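Enquirer: Those protein sequence lines, which keep their order, are chains S, W, B and R.
Heads up: the first sequence begins at 2 in my numbering, then just goes up one per residue.
Heads up: the second sequence begins at 671 in my numbering, then just goes up one per residue.
Heads up: the third sequence begins at 671 in my numbering, then just goes up one per residue.
Heads up: the fourth sequence begins at 196 in my numbering, then just goes up one per residue.
Keep in mind that the hints were calculated from the coordinates and are not lab data.
Mixed in with the good hints there might be a few duds.
Said to hold, decoys possible - DSSO-like, lysine-lysine: derived pairs with alpha carbons at most 30 Å apart:
hint: 1; chain 1: R; residue 1: Lys-553; chain 2: R; residue 2: Lys-580
hint: 2; chain 1: S; residue 1: Lys-48; chain 2: S; residue 2: Lys-82
hint: 3; chain 1: S; residue 1: Lys-48; chain 2: S; residue 2: Lys-106
hint: 4; chain 1: R; residue 1: Lys-503; chain 2: B; residue 2: Lys-803
hint: 5; chain 1: S; residue 1: Lys-6; chain 2: S; residue 2: Lys-48
hint: 6; chain 1: R; residue 1: Lys-565; chain 2: R; residue 2: Lys-532
hint: 7; chain 1: W; residue 1: Lys-803; chain 2: R; residue 2: Lys-532
hint: 8; chain 1: R; residue 1: Lys-565; chain 2: R; residue 2: Lys-626
hint: 9; chain 1: R; residue 1: Lys-532; chain 2: B; residue 2: Lys-803
Being a predicted model, the structure only gives us computed values, none of them experimental.
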Amino acid sequence: QDSLKIGMTFQEMNNPYFVSMQEALNEAAASIGAEVVVTDAGHNVAKQISDVEDMLQQGIDILLLNPTDSAGVEAAVRMAKDQGVIVVAVDANANGPVDSFVGSKNRDAGYQSCSYLAEALGGQGEVAILDGIPVVPILERVEGCKAALEEHEGITLVDTQNGRQDRSVALGVVENMIQSHPNLAGIFSVNDGGAMGALAAIQGSGRDIKLTSVDGAPEAVQAIAEGGPFIQTTAQFPRDQVRVGLGMALAQYWGARVVPTEVPIDVRTVDAENAADFSW
Amino acid sequence: MSHDANIGAPAKARARQSALDWLLHSPLALPLVGLIVVSTLMAFASDNFFTVNNILNVLRQVSVVGILAVGMTFVILTGGIDLSVGAVMALAGTIAAGLMVNMGLHGGIGLLAAVGVGVGLGLFNGALVAWGKMPAIIVTLATMGIARGLGLIYSGGYPISGLPGWVSWFGVGRIGIVPVPVIIMVVVYLLAWVLLQRTAFGRHVYAIGGNETAARLSGVRTRMVKLAVFGISGLTASIAAIVLTGRLMSGQPNAGVGFELDAIAAVVLGGTAIAGGRGLILGTLIGAVLLGILNNGLNLMGINPYMQDVIKGLIILLAIYIGREWR
Amino acid sequence: MSHDANIGAPAKARARQSALDWLLHSPLALPLVGLIVVSTLMAFASDNFFTVNNILNVLRQVSVVGILAVGMTFVILTGGIDLSVGAVMALAGTIAAGLMVNMGLHGGIGLLAAVGVGVGLGLFNGALVAWGKMPAIIVTLATMGIARGLGLIYSGGYPISGLPGWVSWFGVGRIGIVPVPVIIMVVVYLLAWVLLQRTAFGRHVYAIGGNETAARLSGVRTRMVKLAVFGISGLTASIAAIVLTGRLMSGQPNAGVGFELDAIAAVVLGGTAIAGGRGLILGTLIGAVLLGILNNGLNLMGINPYMQDVIKGLIILLAIYIGREWR
Amino acid sequence: MLALKDIRKSFGPIEVLHGVDLEVRAGEVHALLGENGAGKSTLMKIVSGIIQPSAGTISIDGQDRRFANYDEAIAAGVGIVFQEFSLIPYLTAVENMFLAREIKNRLGLLDRRAMRRRAEEILKKLEVDLPLDVPIARLSVAEQQFVEIAKALSLDARILVLDEPTATLTPSETEHLFKVMRELRAAGVAIVFISHHLEEIFEICDRITVLRDGEYVGSCAVADVTTDQLVEMMVGRRIENSFPPKPLPNPAAPVVLEVTELQLRRGGPVSSFQLRAGEILGFAGLVGSGRTETVLSMLGEYPAARCKLRIDGAERRLRDPADGLMHGIGLLPESRKEQGLITSFSILQNVSLNNYGKYRRGHWFIDFKKERACTETAMDQVRVKAQGAAARVDTLSGGNQQKVVIARWLNHQMRVLIFDEPTRGIDVGAKAEIYQLMRDFTAQGFAIIMISSELTEVIGMSDRVCVFRSGGIVATVEGSAITSEEIMTHATTGKVHHVA
Ligand SMILES: Nc1ncnc2c1ncn2[C@@H]1O[C@H](COP(=O)(O)OP(=O)(O)OP(=O)(O)O)[C@@H](O)[C@H]1O
Ligand SMILES: Nc1ncnc2c1ncn2[C@@H]1O[C@H](COP(=O)(O)OP(=O)(O)OP(=O)(O)O)[C@@H](O)[C@H]1O
Ligand SMILES: [Mg+2]
Ligand SMILES: [Mg+2]
């Protein structure tokens, strides 16, 4: 048989987070002489299932699955397993007989960012959440954030709006948030894409509002290093996720029978102090 | 297909009556040429393309948009448009899943509820267009927002999973080797063909798209017909919802974003005039399959996803450009 | 506005000549009523709404879609549609940013490149529609995919940041207290008004939407006019790209997804007939502001985002329904 | 059988029918006469329930009736052929005829064979041979008119309204129609017939009712009036000698336009003709003989298999009508609604549509004052009856709409005008004015091609006549040879040379 064939389906690919994942995958695959097929679901579960079906037609051996939606891709997981393909979920888990799941501790990430925000505000003031597309990792971040905020008596959550993780949408949404809450002191964005829009809105308003987020995207890290409203992001490790994920899959490919079903990847705070040294 | 059915072919073709001639002047010429050209290209580019397995695979992938495109064809034939189909489908699927999972209701009720939601919203659109005299594009744009919002409110943003196993039959089941969604799609197309070509209602659909005032003056109940076509669009959206729910095994309030554009593309690639009055349902099926083959083939060829958008766009343009000569 | 210029208002209004009367029979009546009703509602619901600050805020938010809607108005008046504006805008912005950042070219060249990309793609659409005789909806749908793909290929999926500081002037700068994007938008509208109401070209735009065959047979160069309207749509997309790039301070290949639908909604809410031939550019401005106020007001009121979609949809329906009486 | 009493109708503040009476008996053909805009079509739309009267009563067989829509009128036995077509372009003739009244089989599905049979019967009665399986958009205007008539006949109406059915028919086709009308009359059907062709009135009608400006002028038996009296009733004045005198032929006049080779489609005949300065060149022929297609091909609007033409002796290619305009060639199309007017525009905007060069201010802008002044002059020239230059053209009567399109071209300095059925639907008074305008135009050294299916008009106006048959010119007649016999002989039996 010819060389090992790895398929990876991404929920989206116009986000540096997933683009860097793909880069790490290509490097890793090149080092073992494997072939890589990549698809972009564009946040569309139905397309993601079709993409997986098409990859199965191409005879992949390993499927790295970055699900658009955990429940929705179950059919794809089952189909892959039926054809004897090894399935590892990356970044977000998938329902069904997944061999292993490698992903960030998203609840922790939300918790860390919002604790940081609350402390930076001295435990006092109004904060808002800039929500995103309702998928499990994002919902977990919001959950973690709320838990952190509740630990501070003086902090009130005054608004939750959806920026759809999109810079241009978030910009408008946060502008309105700022208008409607004259005392707003802090914003938590569920990801850096939305945070960059929020940052533009805060800077445009000239108000003193602190911003935290999740991801550790290069742009965000740079903004944090420069100082200003964007004070912290809880970094994930997309390259490491895919490296570990591929490792899990390969282990099984080589015959390992006891592969960890879940490998949580730690997250780490990036703020003005360590931003200069951080990159994915 | 009979000649009467073939609206849009010039007189000369009839006179000569040869089948090839008829085809060349039929509105199906474009879609067929596109289909053949694209399939041939794909077959050359990828060994995996022309296998029974992959062809069934493509048809299964096409089924959801293909079913949506049936209702869209009715609406477009009357000169309207329905931008809400994707959102209505998502809402219908979400509510059906919700009723089955959260309320523990019998599955049949869930499916009925899906149909009820789809047809209900379709009739809502239709009533506003027909009696409210509002432009379809803006009515259905608004309904699209409303349906998405309702779906998210109903589900709280979470997808609804934990459906009874039999639901997956609609999405991944097979009868013989033929996937169930494909069979459902074919049945829907057959019914649509009968309705459009063999009933008075169908003639009225074409008549309204051709000249609404004249149709009304001739005694066609234009408002009822418009109400009905939007109802049909809602119905096909809910059938698509059932198939999709079976495929995703969950209710997804966010599913089907942009499917309305795919459905429109299928209809127009299928040779139906966007201004209404001319077109064949068979063309829509070919258009939908064409789109499916593009998606599938480009994936099989392992083309960079960014590049796929560009190539897909160019091929659609090319297909329409070639087809234009035959009109 | 001169009466002669006011294509689409019925004759009677002219005869009586009272301003109120004219307004009631003008296609602007609907958008104005909508604007007033919605503003009043918002003002009651939120104290923050009727402040100078917030009104400028709304106008600034509206500017991008508002500028896109100008080109869309031209296209829709001829009976076409342009679904590619959002994607063309994103591509123009991305390429401009890329040229400034990666190639270190002078900023002016970046802006020129944005305009070049926008106008170029617009003319591409226009040529296919006018000479290729292809339906606008499908041509621009294909261009939308192509432009998005090209943007992603060019940027590799990363946003392009690190723009020179002066670029932000276009997005967040102010002259006096008035934001620069608002000024740009107003200038674009003024130019469009002059073009549509004061020049032969404008009349030809309306004529093509009213009856293309008649216009062509009487010697209007319909193909050139169609080419031009798509070119204008590309131009306004590139102007919107400059404003957006200034607001985001980065080139975003995936910016503006769905903006084409917002622009269409603004045009139609503004009283322009989707079939072409009738409408006023001022209506589009009102429509765009109306949409902006809805977004802003619902946010100010702190309404659950899912609920906002529903309310927005219902208000749009209501506005069009009320307006319909005046047509 | 049908009696209308004191019918009034207002559109907004303007009353267009000021108390009109009409009585039609079973088994008679009743002519409804009046100038353009007199209110004939409006009255007939009231009879058929398409619009509602503001006041007055309609009674059928002595019973008061009120129709909320056309369907109710049909149920009461009323059928109408509209002045403006009410056909669906992409449906076939059969489908159009049975639209909303389809014959169904036991399953509720269409019984297409039965409908086809019935359609063939009706068309046979009319002695027309139409392709039945083709979308009617592919048929000529006259063929469409027959579909329209057949559609009304298929209703088996007891009261049949024909609103200018002959405007698009040639004499022989009109004869077929009259034959059917006579049969219907014998069967006791009451027919209301509207036409601007007075000789037709005398041929087919039993009694007449005349309207003038929405006023009821009177009714009488046809046998009791002369043409002159009739015209005077309609117009309120006498009209002399409708065709202006022809100038002497001038063989030395320069050829302004020459078509050296024109083949409409491969395998068809190749035609050529010359148009001289100062002449009116008539194009005669039966319906569908290719006159319209010939001029549209010349202008680049239709793709011809071959087309070579010279303008002022220089070889030119016209890619579209805009090129024609540039070379001073203008076209008045045969179907005003589909091809002539922008119905959402005012009269003013329609007239100035292709002539903004005239109203420039600066390089770019429209001079509204000048535009209005010029338009009003042109409107006066053709006597458009309207509330003003700002009125929307879709509120005008059919004839007035036609005049607006004529005004558009008078407003230009054109060297060649192509008039395709210029007086279709125009009343006698206005016709004379249009004829005079055409002569004035050629007297300035300009030239006109006039396509007309009205033989008297062709004979009365043309200096030379090209006769068409099967897509090509089979003969050109001039001077005293221009007689109806000569033209009809060529049009029906002329030899066509097919060229590969
Ligand atoms: N919808 C309308 N709104 C306003 N005015 C109208 C409308 N329809 C008709 N009119 C006016 O009513 C008058 C009568 O028109 P009508 O069409 O009945 O004339 P007609 O006698 O049939 O003329 P023609 O011989 O030219 O067909 C005209 O002055 C016309 O402008
Ligand atoms: N749009 C069209 N497409 C195809 N064939 C057409 C079209 N219009 C007309 N024809 C056919 O072309 C032939 C010539 O039609 P044309 O309209 O030029 O005739 P005409 O002599 O002007 O007669 P009239 O105008 O009185 O109907 C006819 O046989 C007609 O059926
Ligand atoms: Mg009339
Ligand atoms: Mg003709």
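Enquirer: Just pull the numbers of the violated hints for me, sorted ascending.
Expert: When the structure is compared with the hints, none of them turns out to be violated.
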